[in-house]
Amino acid sequence: MTIRQAQSRPRVALVTGGSRGIGRAIAATLAARGHAVALTYATSENEAHAVAGEITGAGGQAMAVRLVADDRASIARAVADVRAALGVIGVLVNNAAIAQEKPFLDLTDADWDRMLAVNLRGPFACAQEVLPDMLKQGWGRIINISSVGGQWGGMNQVHYACAKAGLNNLTRSLAKLYSAQGITTNTVAAGLVATGMIANELETVAGQEKVRNIPIGRIATTDEIARVTAFLASDDASYITGQTLNANGGMYFGA
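For the sequence shown, our numbering gives the first residue as 100, with consecutive numbering after it.
By construction, these hints were calculated from the structure, which means they are not laboratory data. Some hints could be false.
Ranges of calculated distance between the beta carbons of each label pair, as one might list FRET restraints [as the list claims (entries may be wrong)]:
#, residue 1, residue 2, range
1, Q307, W238, 40 to 50 Å
2, G237, T303, 41 to 51 Å
3, A157, G252, 38 to 48 Å
4, L301, D180, 32 to 42 Å
5, R311, L204, 22 to 32 Å
6, D334, R311, 19 to 29 Å
Virtual Cβ for every residue (Gly too), placed ideally from N, Cα, C.
Start from the sequences, fold in the hints, and give me the full structure.
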């Protein structure tokens, strides 16, 4: 499919963790809707450049850039590189994350600290780095990719659930601070999605029981999450801010 350039000057979108899974689908979807996309990787350099190549090969604008979510200096360098290559960032998708299944009593301080550093401090730092340009433009979209685990709690990933719950509140806080300046912030709270991150969980009895109990009858595709994200990045979502948009097939009905 040929990329459609929807704007004469495409808005620049930064998608963290864009080399695979949900991030890859988001990068491709935003590009197809006219955004110049910078997708980041921490270790999967070849995969990230392959995604960027697919987008440019279809006529879009894309670049791959290294960004380590728990390293502020790496984030600042990535933002500067994107600004120099594509222009100021108008859309930030905080998608990069890690997961770890481990019984609560076996969690170490190091496990806890790394989970929150990547899954919560990373999005906080990314938002801080891009907000000055968004404020100058008077327009911006910050979209945090969270999880149903951050809403209903965790059993074998307590630290992951706590980090995602914090991310949901970061969304609400940024919305209160910056919506009047034209910058909306929202969360996409995904349920079970067909990615490598949940492969181990789906092999467990508990994971298989989760799938059986999803009202819609299946897990989500990455493209379904990407389309929800692209909507929130668009002008059609201009009056939506501070919200947690559930894309979970009915696993959880709350906020």
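To see whether the hints hold, each was checked on the structure:
{"no.": "1", "hint": "Q307 to W238: 40 to 50 Å", "verdict": "44 Å, holds"}
{"no.": "2", "hint": "G237 to T303: 41 to 51 Å", "verdict": "48 Å, holds"}
{"no.": "3", "hint": "A157 to G252: 38 to 48 Å", "verdict": "41 Å, holds"}
{"no.": "4", "hint": "L301 to D180: 32 to 42 Å", "verdict": "36 Å, holds"}
{"no.": "5", "hint": "R311 to L204: 22 to 32 Å", "verdict": "28 Å, holds"}
{"no.": "6", "hint": "D334 to R311: 19 to 29 Å", "verdict": "39 Å, violated"}
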